[in-house]
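Protein sequence lines, in the order shown, are assigned to chains A and B.
For the first sequence, my numbering assigns the number 1 to the initial residue and increments by one for each residue that follows.
For the second sequence, my numbering assigns the number 1 to the initial residue and increments by one for each residue that follows.
These aren't lab readings, by the way, just hints derived from the structure by calculation.
Certain hints may be false.
[Claimed, not checked] Residues from chain A shown here face chain B by an in silico Cβ test under 10 Å; the list is partial:
(1) Gln9
(2) Leu48
(3) Phe103
[As the list claims (entries may be wrong)] Quick list of in silico lysine-lysine cross-link-like pairs, BS3-like style, CA-CA up to 30 Å:
(4) B:Lys62 x A:Lys100
(5) A:Lys100 x B:Lys71
(6) A:Lys69 x A:Lys100
(7) A:Lys70 x A:Lys100
(8) A:Lys26 x A:Lys70
(9) A:Lys100 x B:Lys78
(10) A:Lys100 x B:Lys11
(11) A:Lys26 x B:Lys62
(12) B:Lys16 x B:Lys78
(13) B:Lys62 x B:Lys78
(14) A:Lys69 x A:Lys26
Think of the CB as a built atom: it goes at the ideal place given N, C-alpha and C, for glycine as much as any other residue.
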Amino acid sequence: SQQGEEDPQALSIQEGENATMNCSYKTSINNLQWYRQNSGRGLVHLILIRSNEREKHSGRLRVTLDTSKKSSSLLITASRAADTASYFCATAPGYSSASKIIFGSGTRLSIRP
Amino acid sequence: EAGVVQSPRYKIIEKKQPVAFWCNPISGHNTLYWYRQNLGQGPELLIRYENEEAVDDSQLPKDRFSAERLKGVDSTLKIQPAELGDSAVYLCASSFTPTVSLGSGELFFGEGSRLTVL
Numbered sequence: 001s002q003q004g005e006e007d008p009q010a011l012s013i014q015e016g017e018n019a020t021m022n023c024s025y026k027t028s029i030n031n032l033q034w035y036r037q038n039s040g041r042g043l044v045h046l047i048l049i050r051s052n053e054r055e056k057h058s059g060r061l062r063v064t065l066d067t068s069k070k071s072s073s074l075l076i077t078a079s080r081a082a083d084t085a086s087y088f089c090a091t092a093p094g095y096s097s098a099s100k101i102i103f104g105s106g107t108r109l110s111i112r113p
Numbered sequence: 001e002a003g004v005v006q007s008p009r010y011k012i013i014e015k016k017q018p019v020a021f022w023c024n025p026i027s028g029h030n031t032l033y034w035y036r037q038n039l040g041q042g043p044e045l046l047i048r049y050e051n052e053e054a055v056d057d058s059q060l061p062k063d064r065f066s067a068e069r070l071k072g073v074d075s076t077l078k079i080q081p082a083e084l085g086d087s088a089v090y091l092c093a094s095s096f097t098p099t100v101s102l103g104s105g106e107l108f109f110g111e112g113s114r115l116t117v118l
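Start from the sequences, fold in the hints, and give me the full structure.
What follows is the structure, encoded as structure tokens:
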């Protein structure tokens, strides 16, 4: 079963615009992570935010976490063609061993030149 | 530093045939994961190892799937016999989990093994 659901399922924007993806989850968590997957490749870790954090930045990435709403958002600013990929949120449920990581269904992001 | 290595990258087999996938995690990573990813979907956890112990295999179809992690390092995932619905990408990942209370850090993924069952 999948814990998280990303929204939208697909997103197409012009290069240079900002891209926002949302993730909702069902149970309490220890942390939430975002991953990127280029076509035909493995997943690559982008950023981790702990349950006691509300916002985190890494380069052009900004992640927010609202534990009361059980939701997170990933913002990519000044998008580039190389950002074209699928993006997944992943949660470590708080009810079990914190090494259990469950992925959502993903957002497919396309950047138009 | 070498990343997570998986083999084979691609495998095409007839249904009812056996297949095995191999994973070599990053040195020092105590947690190893096998995920299955269907086209257009997120990875689905099949089994998770803490060192050599399988601590979560609730999603592993045990009638046909088996896995092992000898000496807490390399791991093998086997399907016997394969069915048409097993066509997917099988991803291996590893991480270092210092203590349960601190939680897991990032997962490092291999490139995956793409299985096609005809």
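If any of the earlier hints don't hold here, list their numbers in rising order. Going through the list in order, the structure violates no hint and respects every one.
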